[in-house]
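Build the full structure now, drawing on both the sequences and the hints.
Chains E and F, in that order, are what the protein sequence lines are. So for the first sequence, my numbering puts the first residue at 1; every next one is plus one. So for the second sequence, my numbering puts the first residue at 1; every next one is plus one.
It is worth saying that the hints were derived from the structure and are not from the lab. Each residue gets a CB set at the ideal place from its N, CA and C atoms; glycine is no exception. Hints are all accurate, no fakes.
The following label-pair restraints were derived from C-beta to C-beta distances:
| hint | chain 1 | residue 1 | chain 2 | residue 2 | range |
| --- | --- | --- | --- | --- | --- |
| 1 | F | 147 | E | 188 | 43 to 53 Å |
| 2 | F | 26 | E | 227 | 21 to 31 Å |
| 3 | F | 112 | E | 36 | 13 to 23 Å |
| 4 | E | 236 | F | 191 | 45 to 55 Å |
Just a few of them, taken from the derived set where beta-carbon distance is under 10 Å, the chain F residues facing chain E:
| hint | residue |
| --- | --- |
| 5 | 225 |
| 6 | 236 |
| 7 | 265 |
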Amino acid sequence: MRARPSTIIIMALSQEQSATLPLAVKPTLRARFDEWIEQERVLGYVLLGPALILLLIFVGYPFLFGAYISLTNAGIGRAGQFIGLQNFTDLLDDPIFRQTVANSFLYTIVTTIVKLALGMVMALLLNQTFPLKRFVRAAVLLPWIVPTVLSTLAWLWMFDSTYSVINWLLQNYFHFQGPIWLSDRLNLKLGDISLVKTTWPMISIMIVNIWRGTPFYGISLLAGMQTIPHELYEAAIVDGANSWHRFWRITLPLLRHVISIVLLLSIILTLADFQIVYVLTRGGPANSTHLFATYAFQVAVPSTELGLGAAVSMYMFPILAVVVFFTLLSLRRED
Amino acid sequence: MQASLTQVKPRALASRFIITYIPIALMLAVTLFPFYWMVITSLKTDGELYNLKNNPLVVLQPALIQFQRLLNDTLFPRWITNTLLVSIASTALSLVFSALAGYSLARMRYRGATAIGWAIFITYLVPPTLLFLPLLGVVSALHLQNTLWSLILVYPTFLIPFGTWMLIGYFKSIPRELEESALVDGATRMQAMTRIILPLALPGLLSVGIFSFTLSWNEFIYALVFLSDATIKTIPVGVTSELIRGDSFFWGELMAGALLGSIPVAIIYSFFVEYFVSGLTAGAVKG
Chain E
1 MRARPSTIII MALSQEQSAT LPLAVKPTLR ARFDEWIEQE RVLGYVLLGP ALILLLIFVG
61 YPFLFGAYIS LTNAGIGRAG QFIGLQNFTD LLDDPIFRQT VANSFLYTIV TTIVKLALGM
121 VMALLLNQTF PLKRFVRAAV LLPWIVPTVL STLAWLWMFD STYSVINWLL QNYFHFQGPI
181 WLSDRLNLKL GDISLVKTTW PMISIMIVNI WRGTPFYGIS LLAGMQTIPH ELYEAAIVDG
241 ANSWHRFWRI TLPLLRHVIS IVLLLSIILT LADFQIVYVL TRGGPANSTH LFATYAFQVA
301 VPSTELGLGA AVSMYMFPIL AVVVFFTLLS LRRED
Chain F
1 MQASLTQVKP RALASRFIIT YIPIALMLAV TLFPFYWMVI TSLKTDGELY NLKNNPLVVL
61 QPALIQFQRL LNDTLFPRWI TNTLLVSIAS TALSLVFSAL AGYSLARMRY RGATAIGWAI
121 FITYLVPPTL LFLPLLGVVS ALHLQNTLWS LILVYPTFLI PFGTWMLIGY FKSIPRELEE
181 SALVDGATRM QAMTRIILPL ALPGLLSVGI FSFTLSWNEF IYALVFLSDA TIKTIPVGVT
241 SELIRGDSFF WGELMAGALL GSIPVAIIYS FFVEYFVSGL TAGAVKG
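Right, dumping it as structure tokens:
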């Protein structure tokens, strides 16, 4: 059974074909080339070529080159000498780098958990029927659409030490004195034990990351939920399952695949995040909020220690590799 | 069942408010507040902006002075042109390369096809912040530093892997028979691809195109590192580096810039929400 429009296309094609192909007995060079290129093992590579060459020049080579310069003391515009693993061992003794590693893990773990939880709530809310549903669904994705540095600038202004609108709201509606977001320390104590010990700048960058990232979770999980057949829920209702059970026994297990992929992409982008920290704190105050990428930038570009900066970036690689490996493993096990 | 439903109607409505409408309103408020704040700030004069006695949530005397300053006294118009140029060129380049590669991987069998497919997927997972330093070396070795070409050639590194994978999925969903009958009728592979497969994959191409344009428009770290002249910067880099002079933040101007820099992608997005969402979730839902 063929669809009618495609039949017409095919007829048109075959007519044109018979008109242009001369009934030559002896194959010309052109005809031989046409025949050669028509083979899958030739044309396949030819079509792949442009993409592959570009990726080799601008991803494959830089990756190896980056690994190499991390083993040198190169600067910007200055070729370095091979110094082995010295950059990597130097970094282990660098207190700012240690803080950077701790920050990166804290930032990634906390925001990932919160984004997954809030994203699930968002998806469950959007999966119901309510007025203006299409508008709401489009609007909640906005933080993820607009340029991150520009929306983060709005947050920087909202966190301003004098004019913070967040603190104005807290003060006027809740009679609560907000912190100086981008410099205060935080030490929540229960008796003598400190429960949470971090800084408001760290919390600020996490808030912006959660604000920006949750829509991605929400919309992806919603798309996953919409592929779950209704009959499953109907059967569960007949069997007397309440909505709590339906969520844990049907929705969540069937979303496992989507959750794995979303977590994979999100963890990579969060661990390697640059823009939010660069705009909000530049890694400050006193280098206390750096992530891998912002510290690599600071060491390599303003301080021109290219080799050392490349080493900071390279420290991300094994972590990313482990994340990718385990996600792909869990996906493969499911299939 | 019917009777009990009508009986609990007021209560059902109340619980609907509590479990659906109020949380949704709250979610929208938090999501949209920073944008509201951008708009409100950009419409204020400096006198109003920095007066702590005013209610900051409203504009008393709306004015366009911030936009006038931004468009007349800064290089913002140049940055718009630059960003537009880079986004269109890198999107077009990636779209062509991804369509060719995607078709090849979706439809043809040859040695190494599976391995190459996986390699492209892995490059999709390499974050730009892992590569920006060595890429700076590559870009300056090719004498592309401080030119828009550096971005036009480098942005496809994160667009092509995404585009290729998404288009593989689209091409595979098109019945093979359509193409095979064209081949039987004497069409070449390239003809079958350009006249049958690509037109049918138009929604997929549109999705990839819109998504790529947005990613290029929003890109930051490569543009920050590769470009140093104020005249050739893109909007995200120009606004964050040139509009902040020393320690002085001109918030009205900054928010006007942030707003104008966000509006183009927001407009494109609002016209193509469905394509955008299918692009966003293609990887996650289809695997």
